[in-house]
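Asker: Numbering (this note's numbering), first residue to last: 895 to 971.
There could be a bad hint or two in this list.
Subject to a maximum C-alpha distance of 27 angstroms in a straight line, what follows is the list of computed DSSO-like cross-link-like pairs (lysine-lysine) [stated by the list, open to error]: (1) Lys921 <-> Lys970; (2) Lys947 <-> Lys921; (3) Lys970 <-> Lys945; (4) Lys968 <-> Lys947; (5) Lys921 <-> Lys968; (6) Lys947 <-> Lys970; (7) Lys921 <-> Lys945; (8) Lys968 <-> Lys942; (9) Lys968 <-> Lys945; (10) Lys942 <-> Lys921; (11) Lys942 <-> Lys970.
Pairwise CB distance ranges (calculated) [to be verified]: (12) Ile934 <-> Ile967: 28 to 36 angstroms; (13) Tyr898 <-> His933: 28 to 36 angstroms; (14) Ala903 <-> Ile967: 16 to 24 angstroms; (15) Asn897 <-> Thr949: 32 to 40 angstroms; (16) Phe925 <-> Gln954: 13 to 21 angstroms; (17) Lys921 <-> Asp900: 28 to 36 angstroms; (18) Gly971 <-> Glu912: 31 to 39 angstroms; (19) Gly971 <-> Glu926: 16 to 24 angstroms; (20) Ala903 <-> Asp929: 15 to 23 angstroms; (21) His913 <-> Gly971: 31 to 39 angstroms; (22) Ser923 <-> Lys945: 23 to 31 angstroms; (23) Gly971 <-> Asn911: 19 to 27 angstroms; (24) Thr957 <-> Leu931: 26 to 34 angstroms; (25) Glu960 <-> Tyr935: 19 to 27 angstroms.
Quick caveat, the hints were computed from the structure, so don't treat them as lab data. All values derive from a computational prediction rather than experimental measurement. Even for Gly, the Cβ is constructed at its ideal location relative to N, Cα and C.
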Amino acid sequence: MVNYDDLNAIFRDVFENEHITIDAASKASDFEEWDSLNHIYLVVAIEKFYKIKFTTQQIQVWTCVEDIVNDIIKLKG
């Protein structure tokens, strides 16, 4: 199970904004901090935290946080 408190902490750390709150429907356009560079930092931070490795194909089709969560669940088994 993916804990949204953990994901919120990762997003807040990467985006350097303690006021960010994400949910399953959150998407990049909801946050001005979520640019292409921070997207890479976010991927790396999530991979490190969950000890997983996303494929390029997975990352390219993400449209919202729920997509990220689903891929974490798939990779964690």
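Asker: Hints first: check each against the structure and report whether it holds.
Answerer: Here's how the hints hold up against the structure:
1. Taking the CA atoms of Lys921 and Lys970, the gap is near 22 angstroms; set against the 27 angstroms cutoff, the hint holds.
2. Simply put, Lys947 and Lys921 have alpha-carbon atoms about 21 angstroms apart, close enough for the 27 angstroms limit, and the pair holds.
3. With a C-alpha separation of about 9 angstroms, the suggested pairing of Lys970 with Lys945 holds against the 27 angstroms cut-off.
4. With a C-alpha separation of about 11 angstroms, the suggested pairing of Lys968 with Lys947 holds against the 27 angstroms cut-off.
5. This hinted pair checks out: Lys921 and Lys968 have alpha carbons roughly 20 angstroms apart, not beyond 27 angstroms.
6. Distance restraint check for Lys947 and Lys970: the Cα-Cα separation of roughly 10 angstroms lies within the 27 angstroms cut-off, and the hinted pair is therefore satisfied.
7. Distance restraint check for Lys921 and Lys945: the Cα-Cα separation of roughly 23 angstroms lies within the 27 angstroms cut-off, and the hinted pair is therefore satisfied.
8. Using a Cα cut-off of 27 angstroms, the hinted pair Lys968 and Lys942 holds, with the two alpha carbons roughly 16 angstroms apart.
9. With a CA separation close to 13 angstroms, the supplied pair Lys968 and Lys945 stays within the 27 angstroms bound.
10. Taking the CA atoms of Lys942 and Lys921, the gap is near 21 angstroms; set against the 27 angstroms cutoff, the hint holds.
11. Restraint check for Lys942 and Lys970: the C-alpha separation of about 13 angstroms stays at or below 27 angstroms, so the hint holds.
12. One distance hint, 28 to 36 angstroms for the beta-carbon pair Ile934 and Ile967, is violated here, with the actual separation near 22 angstroms.
13. Against the hinted window of 28 to 36 angstroms, the Cβ-Cβ separation of Tyr898 and His933 comes to about 19 angstroms, which falls outside the hint.
14. The hint said 16 to 24 angstroms for the Cβ distance between Ala903 and Ile967, and at roughly 18 angstroms that hint holds.
15. Checked against the hint of 32 to 40 angstroms, the pair Asn897 and Thr949 fails, with Cβ atoms roughly 23 angstroms apart.
16. Range check, Phe925 to Gln954: about 19 angstroms between beta-carbon atoms, so the 13 to 21 angstroms window is met.
17. Distance hint check for Lys921 and Asp900: the Cβ-Cβ separation is about 19 angstroms, which falls outside the suggested range of 28 to 36 angstroms.
18. Checked against the hint of 31 to 39 angstroms, the pair Gly971 and Glu912 passes, with Cβ atoms roughly 32 angstroms apart.
19. Between Gly971 and Glu926 the Cβ separation comes to about 35 angstroms, which falls outside the hinted range of 16 to 24 angstroms.
20. Judged by the Cβ atoms, the range 15 to 23 angstroms given for Ala903 and Asp929 holds: they are separated by roughly 20 angstroms.
21. At roughly 34 angstroms, the beta carbons of His913 and Gly971 sit within the given window of 31 to 39 angstroms.
22. At about 29 angstroms, the CB distance of Ser923 to Lys945 agrees with the hint of 23 to 31 angstroms.
23. At roughly 32 angstroms, the beta carbons of Gly971 and Asn911 sit outside the given window of 19 to 27 angstroms.
24. At roughly 19 angstroms, the beta-carbon separation of Thr957 and Leu931 lies outside the given 26 to 34 angstroms, and the hint is violated.
25. The hinted window of 19 to 27 angstroms between Glu960 and Tyr935 holds, with their beta carbons roughly 20 angstroms apart.
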